[in-house]
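Chemist: Take a look at the letters that make up each chain.
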Amino acid sequence: QQQVRQSPQSLTVWEGETAILNCSYEDSTFNYFPWYQQFPGEGPALLISIRSVSDKKEDGRFTIFFNKREKKLSLHITDSQPGDSATYFCAASAMGYKLTFGTGTSLLVDP
Amino acid sequence: ETAVFQTPNYHVTQVGNEVSFNCKQTLGHDTMYWYKQDSKKLLKIMFSYNNKQLIVNETVPRRFSPQSSDKAHLNLRIKSVEPEDSAVYLCASTSQDTQYFGPGTRLLVL
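Those sequence lines, one after another, are chains S and A.
Under this note's numbering, think of the first position of the first sequence as 2, with each following residue one higher.
Under this note's numbering, think of the first position of the second sequence as 1124, with each following residue one higher.
None of these hints come from the bench; they were simulated from the model.
Be aware that a few hints might be false.
To be verified - One-sided excerpt, in silico: chain S residues whose CB lies under 10 Å from chain A:
#, residue
1, Y33
2, G42
3, E43
4, P45
5, A46
6, L47
7, R52
8, F90
9, A92
10, S94
11, K99
12, L100
13, T104
14, G105
15, S107
Claimed, not checked - Think about it this way: if two alpha-carbon atoms lie no more than 27 Å apart in a straight line, the pair counts; the simulated DSSO-like pairs of lysine-lysine are:
#, chain 1, residue 1, chain 2, residue 2
16, A, K1163, S, K72
17, A, K1163, S, K99
18, A, K1164, S, K73
19, A, K1159, S, K99
20, S, K99, A, K1194
21, A, K1147, S, K99
22, S, K58, S, K69
Please read these numbers as outputs of a predicted model, since none were measured by experiment.
Glycine included, every Cβ here is placed at the ideal spot set by N, Cα and C.
Kindly generate the complete structure, drawing on both the sequences and the hints.
Modeler: Shown next as structure tokens:
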């Protein structure tokens, strides 16, 4: 059973547009939600993260919106660039326990 | 700057052979992991080691075994590979909540 789900599976946007990647989870004990970015031939790398006490986290062009009641979060990438083309993983953990990774969203930014 | 190193980058072998992958981290972390990433890019945790103690084993087949000489090294051995073992194997180390991944070893079983 997949505890962390992501949608869409793949997404294509034009350069300059805002890409919206969605994530939902089931375990109400999850309180830490990092997003990882993976380029082809590389391992995933931490992009941005949020804890359940917050509903928004910004880092440059990347923003996480978190809805604890609905157990949903989203990653917004504003002014998307071709270099943002990658696979994005939403993950979740509870109290520092092991991370549970989502199914991933493959993002393509067309120039 | 890479801090989790994996070798080899790529390995091709035949069914039934034994393979071993190496992982080293220079971050001083106490916990390391092995993940399997399939062709759909799904990440599945296989093992984690904390101070040489196996603390998580996600019911992987017995032909897989982790091997650690110290907290900076966590190798993965596959005793008799099968076609479904073709995947990318990712090693990671962790500091609190953040995991740092290596570049992965791509295994192709013919």
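Chemist: Tell me the numbers of any earlier hints that the structure contravenes, in ascending order.
Modeler: none
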